[in-house]
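Student: Residues per chain, in single letters:
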Amino acid sequence: MAAREVTQGWIPAFAGMTRGFGKGLPKGEGVGRGLRALRAAVQRLRATWSPGYAVAAAVAALFVLGFLPFVKMGLVVNGFVLGAIIATGAIGLTLIYGNLNFANIAHGDYMAMGAYVAFFVVTDLLAAVGIQGQGFGPFTFGYPLLIALPLAAAAVALGAVVLDVVVYRRLRNRQVNAVVMAMASLGLAIAVRGLIQIIWTGEKLQLPRESRQVYHLPMDIRIPPDSIFIAGLAVVLVVGVYVLLTRTKIGKAMRATADNPDLARVTGIPTERVIWATWAIGGGLAAIAGVLLAVFQAQLLPSMGWEFLIPLFAAVILGGIGNPYGALVGALVIGVSMEVSTQWITPSYKHAVAFIIMIVLLLARPRGLLGRSN
Amino acid sequence: MALLEARDIVAGYGETQILHGVSLVVNEGEIVTIIGPNGCGKSTFMKSVVGLVQVRTGSVTFRGADITAYPPERVVRTGLCYVPQSANVFPSLSIRENLEMGAFIRGDDGRARIDEMFGLFPDLARRPTARAGSLSGGQRQMLALARALMLDPVLLLLDEPSAGLSPAIMGLVFERIRDINATGVALLLVEQQAREALRLSDRGYVLSGGENRLEDRGPALLDNPEVARLYLGG
Chain B
2 MAAREVTQGW IPAFAGMTRG FGKGLPKGEG VGRGLRALRA AVQRLRATWS PGYAVAAAVA
62 ALFVLGFLPF VKMGLVVNGF VLGAIIATGA IGLTLIYGNL NFANIAHGDY MAMGAYVAFF
122 VVTDLLAAVG IQGQGFGPFT FGYPLLIALP LAAAAVALGA VVLDVVVYRR LRNRQVNAVV
182 MAMASLGLAI AVRGLIQIIW TGEKLQLPRE SRQVYHLPMD IRIPPDSIFI AGLAVVLVVG
242 VYVLLTRTKI GKAMRATADN PDLARVTGIP TERVIWATWA IGGGLAAIAG VLLAVFQAQL
302 LPSMGWEFLI PLFAAVILGG IGNPYGALVG ALVIGVSMEV STQWITPSYK HAVAFIIMIV
362 LLLARPRGLL GRSN
Chain L
5 MALLEARDIV AGYGETQILH GVSLVVNEGE IVTIIGPNGC GKSTFMKSVV GLVQVRTGSV
65 TFRGADITAY PPERVVRTGL CYVPQSANVF PSLSIRENLE MGAFIRGDDG RARIDEMFGL
125 FPDLARRPTA RAGSLSGGQR QMLALARALM LDPVLLLLDE PSAGLSPAIM GLVFERIRDI
185 NATGVALLLV EQQAREALRL SDRGYVLSGG ENRLEDRGPA LLDNPEVARL YLGG
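Those protein sequence lines, which keep their order, are chains B and L.
2 is the number of the first residue of the first sequence in the numbering used here; add one for each residue after it.
5 is the number of the first residue of the second sequence in the numbering used here; add one for each residue after it.
Read the hints as simulated data drawn from the structure, not as lab findings.
Beta carbons: idealized from backbone N, C-alpha and C, even for Gly.
A few of these clues could be false.
[Stated by the list, open to error] Covered stretches of chain B, going by a simulated chain L footprint (3 or more residues, C-beta under 8 Å):
no.: 1; segment: 251–265
no.: 2; segment: 269–281
[To be verified] The following residues of chain B were derived to be distant from chain L, with all beta-carbon distances above 12 Å:
no.: 3; residue: Val77
no.: 4; residue: Leu150
no.: 5; residue: Ala156
no.: 6; residue: Trp201
no.: 7; residue: Ile224
no.: 8; residue: Pro367
[Stated by the list, open to error] Here are the simulated distance ranges between beta carbons:
no.: 9; chain 1: L; residue 1: Asp112; chain 2: B; residue 2: Val361; range: 28 to 36 Å
no.: 10; chain 1: B; residue 1: Leu187; chain 2: L; residue 2: Gly43; range: 34 to 42 Å
no.: 11; chain 1: B; residue 1: Asn174; chain 2: L; residue 2: Gly25; range: 23 to 31 Å
no.: 12; chain 1: B; residue 1: Ala299; chain 2: L; residue 2: Arg110; range: 45 to 53 Å
no.: 13; chain 1: L; residue 1: Gly83; chain 2: B; residue 2: Ala353; range: 56 to 64 Å
no.: 14; chain 1: B; residue 1: Pro226; chain 2: L; residue 2: Arg110; range: 48 to 56 Å
no.: 15; chain 1: B; residue 1: Ala61; chain 2: L; residue 2: Arg110; range: 41 to 49 Å
no.: 16; chain 1: L; residue 1: Gly137; chain 2: B; residue 2: Asn178; range: 23 to 31 Å
no.: 17; chain 1: B; residue 1: Gln214; chain 2: L; residue 2: Arg110; range: 51 to 59 Å
no.: 18; chain 1: B; residue 1: Leu187; chain 2: L; residue 2: Ile109; range: 35 to 43 Å
no.: 19; chain 1: B; residue 1: Val361; chain 2: L; residue 2: Gly43; range: 39 to 47 Å
no.: 20; chain 1: B; residue 1: Val130; chain 2: L; residue 2: Thr82; range: 46 to 54 Å
no.: 21; chain 1: L; residue 1: Asp112; chain 2: B; residue 2: Asn174; range: 28 to 36 Å
Extracted from the complex, chain B is given alone in its bound form (with noise of 0.2 Å):
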């Protein structure tokens, strides 16, 4: 009782302290200015760094600080490749979310089906036409599968715009809720992992791979050269992915849209095309996502997509619903807690790391640690 009556003194206190910070001081004076200068600074960053920055920063301090000596730091460079791949399928879940407003639950499968198109591209299509190979440079995949990657994000772009004229569209005309939406998505996931294992099998598959030396660098690390493929990837595509919401007119509607798609449509901007754009951009990343899963797994499983929902949706909520830089940072956050909590337990739970971060995140702060007031 008599500490809560002393805090609501001090703290009053302590604001009409720094309110009055620099104010009686006499002008001119070189003191005085430079207490003004401080002063005017502080209030700059306080109109400008929202307190989720603050808390982001501090959470990553401790995070880096606290850890850091008990920890093999190759766990975090793999936590970094893991949450790269994260990102690459978080940023596409996120621009949905904004967009269309509801959560993609079939996403992870989108992922999951851009592996196996991958899968299909490299080991029927081009071994049909004689292209060939696996240990391609440094690297344990061979570099058909340069080429399948784009094909696989195109077929499943394509595929997400489809569905979402066959399916989605229709439910947006009838103006359901979000949760209709959701559920017709979670009817999609399980359609779209069950064609999966009618095509392929629900046996585990191996893209085609050569066994590689992985680089040793101090500190214990070690790095197989496919994470290096992976995070430059992930790197390119998000640079790709700032570039195209920040530069381009289809970014910027993109954007416009997600803020209020009814200004957005007494505006002009043809709404239903914004929609698909961010469908193709979702569903494209979401394939890439799923292939270099694949890669960094070393094997492909119906349920790959499925069970990688989890980090997905936790670096979602962690960087704040419908956030795509949020998205960046709450991936990388997800994928090196998941990596280092391997240290000391076993790596079967990981997922569970991303389930138990993103539950506490929810109850404390539901808005992500990026995410805006209103």
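Could you slot chain L onto chain B? The hints should help.
Tutor: Below, chain L alone, put in the same frame as chain B:
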């Protein structure tokens, strides 16, 4: 000839019917104001003209074409632009990006028109990269006007342009409305500030309970004792 003619509009949301047959005419180059008590259907009327609310019966004709069933993205192509009452800018986009979106369906890239808008609203030209969500109420309203003007509309629909503004800023907004009208753009306003709005209007309509109540020249409505008693506060 009438620029915009709405005849016996019946519209509403879901089960509720809000407009029970509203008719209205805007002639070329006119400023027309709709006044009326809260909930009388002023905003719903605007939304049914631009296609955001479906018209159940009745017709909307604009420049001789029947636009009753047009969706909003098609209405805006006919030269009719609309500024909603609230949420009328894209908050996460910069000032310049908002104007670029206003020019989305222009043939050119709209750069020259953006410069014209910066000339008309010098406040916006000062920080073109500022996020619209960080602007003050007055600046936001100016940006919303500029965004709607990007397409060189023939008719501009403004839903309560003075809502939530201080009297001084309100005066500025009305001044801009007069400037816009002077360039030949017709305006249809919905206003709570009935006195100020009617003063600059050629004609006015009084709606009540989703129906037409009165129609007259702006100054005449101001002098009408019934209007004064009901809507102008004495």
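Student: Hint by hint, where does the structure go against what was stated? Just the numbers, ascending.
Tutor: 9
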